[in-house]
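> Next come the chains, spelled out residue by residue.
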Amino acid sequence: MIKVEGLTKRYARTVAVDNISFEVEKGQIVGFLGPNGAGKTTTMRVLTCFLPPTAGTAQVAGFDVLEQPLEVKKRIGYLPETPPLYPDMEVGEYLIFVGKLKGLTSADVPKRVAEVCDRCAITDVKSKLIGKLSKGYRQRVGLAQAILHNPDVLILDEPTSGLDPKQIIETRELIRSLAGDHTIILSTHILSEVEHSCERVIIINQGKLVAQDTVTNLTNRLRGSESVAVEIQTSNGNLNHADVRQRLEQVAGVSRVVLKDTRDNHCAFEVESLQGRSIRAELARAVVTSGWDLNELRPVGFSLEDIFLQLTASESEKAQKKVEAKA
Amino acid sequence: MGNILVIFKKELKSYFASPIAYLLLGIFAVIFGFFFYSATRVFVLTGMQMQMMGRGMPMDVNEYVIRPLLGNASVIGLFLIPMITMRLFAEEKRTGTIELLMTSPVRDLEIVIGKWLAAMVLYASILGISAINIAILYGFGRPDLKPILVGYLGLLLQGGCLLAIGIFISTLTRNQIIAGGATFAVCLMLWVLDWVSAYDQSAWGKVIAYLSVVTHFEPFSKGVIDTKDVIFYLSMIFFGLFLTSRSMESLRWRA
Chain A
1 MIKVEGLTKR YARTVAVDNI SFEVEKGQIV GFLGPNGAGK TTTMRVLTCF
51 LPPTAGTAQV AGFDVLEQPL EVKKRIGYLP ETPPLYPDME VGEYLIFVGK
101 LKGLTSADVP KRVAEVCDRC AITDVKSKLI GKLSKGYRQR VGLAQAILHN
151 PDVLILDEPT SGLDPKQIIE TRELIRSLAG DHTIILSTHI LSEVEHSCER
201 VIIINQGKLV AQDTVTNLTN RLRGSESVAV EIQTSNGNLN HADVRQRLEQ
251 VAGVSRVVLK DTRDNHCAFE VESLQGRSIR AELARAVVTS GWDLNELRPV
301 GFSLEDIFLQ LTASESEKAQ KKVEAKA
Chain B
1 MGNILVIFKK ELKSYFASPI AYLLLGIFAV IFGFFFYSAT RVFVLTGMQM
51 QMMGRGMPMD VNEYVIRPLL GNASVIGLFL IPMITMRLFA EEKRTGTIEL
101 LMTSPVRDLE IVIGKWLAAM VLYASILGIS AINIAILYGF GRPDLKPILV
151 GYLGLLLQGG CLLAIGIFIS TLTRNQIIAG GATFAVCLML WVLDWVSAYD
201 QSAWGKVIAY LSVVTHFEPF SKGVIDTKDV IFYLSMIFFG LFLTSRSMES
251 LRWRA
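Top line first, the protein sequences correspond to chains A and B. In terms of the working numbering, the first sequence has 121 at position 121, counting the first letter as 1, and numbering is strictly consecutive. In terms of the working numbering, the second sequence has 57 at position 57, counting the first letter as 1, and numbering is strictly consecutive.
Here chain B stands alone, though its shape is the one from the complex (with noise of 0.2 Å):
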């Protein structure tokens, strides 16, 4: 436990250390801020065309604008995630830090969670920004406090199993940027995957369907958290995290 802890800080602080955090933080910043905004701006022109036509009828904050805006900030993630993780292993491999980690007195899966849970930290701390955008809507009006919160466990939920195949995939390469192009690449695919059920509706189709990382996300979206989408997520956080620590120890033999 202590050993996770140390890597932990040290990955967190050299995030912070250097300008990657800041750069995510400001790259999200950006687009969910002009999500932001454009959610709202047809929120309240549908609202003041609505009271024109006389149908004064009260409009869900929480359907209309905040539920579409999680759904982007789930987007936005999946293009971020590939530049929180690709450093992570590749970097160690190439400037020869591995060498350091693995014959110190701390196992490879300690390693690989202090890891994971700092990259955990930074995505955290990048959804924290699209909180305080929709901490603005509380100042007119009352959206409910819940399904926002279940959204965000979605999100981090999401958000894990997909840094967790990025770490998977910059143990592989001790190229940053490969690690980073190929991460993309899973993570488009893990969302795309959900567009099968679209035009395929047999049984194969419901299979991939649910391998995509989308279609567990839109419950919690919704507020709902159901079992099977936990697990579904939490099983592809330890099967990624596994995998990590498996191709360290692969690493030793290949060498």
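Only chain A is shown next, with the shape it has when bound in the complex (with noise of 0.2 Å):
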């Protein structure tokens, strides 16, 4: 549905994307990931014809961005980070005016502008002034303007930021139930947000592709080994942590134990395993017939957070080492 190829967008002195390129099936909800200032506004932006690249393609459903705009504009939905509202119009006449814009017949405007204030829930601030709408209110409205024609490709920038955590959860809620019908390019910097509505992940970082990967897989290949923290204790005696360690070096599987915490009697690990090796009912079997008790055996997943931490660290840190190199 949306094809990237080698997309570079060029400012005045400062390179905003860097050769990206990477597609977009139809129906996929695709996170776009990266820190303030990485691109991803710009990327949004190419895609939806407001600004030209500097080198590079991009098509969506089939149409070049810089041949056919019209046909490209029609297919897309744009929330931009702040949603474009006019202040001065009620929320209805606004709607109905993005409808006509859009190329919807004025037969059609009602039946859509009424569909989707009911799917956004702002049926009942309709007859409002747009300017006297509270934030998150804004930005359902603005949500109800990009779905408005009923676009094959919706592309929306940071559309939770600035809602409170209820409205957050609804408005993840909204976008995946729009799923499906049409394919969803969704940017944010809040990881929690990509783990709970996309399927897959693009990560970028200063303008150039970091990762691109669905959420498990990403999580999967950067895991890679099982991290399992392990808390011991014993009902009577002293416990030696030392002990204990080498007790469960010894189970099969285990690469490298970290003592944690020890108190008199009680004793906390942090065990990883090897590449692709479950460990954990091992573990607790050796605990167990060692006599000593097992408080706690739970697995440490690795969040998107610590990916995205590594991925985007380990770009830095390179450059960084060029920079040392140089000196």
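No wet-lab data here; the hints were simulated from the structure. Do not take every clue at face value.
Stated by the list, open to error - With a straight-line cut-off of 25 Å between C-alpha atoms, the simulated SDA-like cross-links for lysine to any residue are:
hint, chain 1, residue 1, chain 2, residue 2
1, B, Lys13, A, Asp108
2, A, Lys126, A, Lys166
3, A, Lys126, A, Gly92
4, B, Lys93, A, Gly37
5, A, Lys74, B, Phe8
6, B, Lys13, B, Asp108
Unchecked claim - Simulated coverage check for chain B against chain A, where a stretch passes if three residues somewhere in it have a Cβ under 8 Å from a Cβ of chain A:
hint, segment
7, 14-20
8, 113-122
By construction, the Cβ of each residue, glycine as well, lies at the ideal position given by its N, Cα and C atoms.
Given two chains presented individually in distinct reference frames, assemble the corresponding complex, making use of the accompanying hints.
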């Protein structure tokens, strides 16, 4: 549905997006992830035909953004970072205007407006001035505006920024309910958001594509080994943590044991497995057969947060090393 | 065409939903009303004086009242036009709604023309107030209608050309005050260029005076439609709108 090849966008002095290529299949929700200023908004603006690319091509539904912008625009719904709202218009009036602007026929407009108002839960503010709405409502009106003409592709730039937790959950649900009929790209710098609503993630940093994969693959790829937190205690006598450590290291598949905490009859470790080995059952058995009590056995998953930090940090570390090497 | 209409309706609505339209109508009504009062008063006084001196020559209302009044209207328009156009693009750029327009399946030129037409209609309704004043004259005399209509045609053409320039300037900045100020300066320049012809009779002086929007309005106020002036105004309107759509395109490249 969306095909981006070698996309580069240069502003006067800075390179905002540097040779990015990716593809998005029909009906997918893709998360566009990156720290602030990574080039997320610029990429989205190129896709919506707001900015022309400096080099490379971008296609939406088979139409090039430079060659046939009108065809692309017809198929795209776009919610910019700040919702494009006219404060002196009423919500209903605004949506009718947008509907006509997007090329809906006058017969379809009222029907579609009623539908999206219902979907975005803004029917109760339909006759209010946009300028008087709260931030959450404005965001929802912005979203309503984007889905109004039932576009094939939805591009949402930080759709949940500035919302309260309840609204964030509602918006995420709304976005997920839109998937299937629509191909959705949403940008965010909030990682949990991607974990919650996206099937695929594209991570960019400083204008460069760092990683792109499904959320599960990405976590697996970077995790590789399993990491387990173990807490052990004895009901009688002292516990020598060195003994425990030795015992744990003997368990098949364990690569590393790290002592986290120790008190007189009580100690906690973090145990890492070898690549692709599951060690929890073995660990539990080892502890119990040694006569100790197992207080806690918990897998410590890598969150997307760790991955993200790892990826973006490695980039800047490399850069740092280069600088040092030069010096 | 449909898209132009959508933009046009929205802009016109937002003029009349905000105080701008009423403020401009009010300002024009007061200033023009003052000029109208003075012009008719002078006309009546001179008429009475002439009668007392025994020379009961009929005086021409068209020439002594309406013509200078139309000239005044064009000058007041010069001051009001920046206030009409300054928000058209500057505000969209500031609030980010320009992103909505530029990512909608609408051509740049359609947006520009829609906005220009809305500005024209507001300007025309402002001029409409002067027409009310002039209509009063029909209660006391029989002014010739045709030169008046030609005069209004001239006013509309002159206004259209300044509005096109104003819209262009509005695309250059995101600050309304700057857009308004710059438009006012340009309008003023195009007005006073005419003065050059007073002391410079060389070819350059003529060229510069030709560029003045006021020189081209004079024949209209006399009731003369000169093709040369109509073409001047139409080409200025075209040029202004063309520049605006180019400037919109360059927004994309500069962003």
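> Given the hint that Lys74 of chain A pairs with Phe8 of chain B, test it: the Cα-Cα distance must not exceed 25 Å.
This hinted pair holds, its Cα atoms lying about 20 Å apart.
> Taking only the CA atoms, is the gap from Lys13 of chain B to Asp108 of chain B under or equal to 25 Å?
20 Å, holds
> Starting from Lys93 of chain B, check that the Cα of Gly37 of chain A is at most 25 Å away, please.
20 Å, holds
> State whether the coverage of the segment 113-122 of chain B by chain A holds or is violated, taking the criterion as 3 or more residues with Cβ-Cβ distances under 8 Å.
violated (count 0)
> Hey, Lys126 of chain A versus Gly92 of chain A, does the alpha-carbon distance stay inside 25 Å?
5 Å, holds
> Quick one, are Lys13 of chain B and Asp108 of chain A close enough, alpha carbons at most 25 Å?
22 Å, holds
> Given the hint that Lys126 of chain A pairs with Lys166 of chain A, test it: the Cα-Cα distance must not exceed 25 Å.
21 Å, holds
> When I compare C-beta atoms, does the segment 14-20 of chain B have three or more residues closer than 8 Å to chain A?
holds (count 3)
The earlier numbered hint that this structure contradicts is number 8, and it is the only one.
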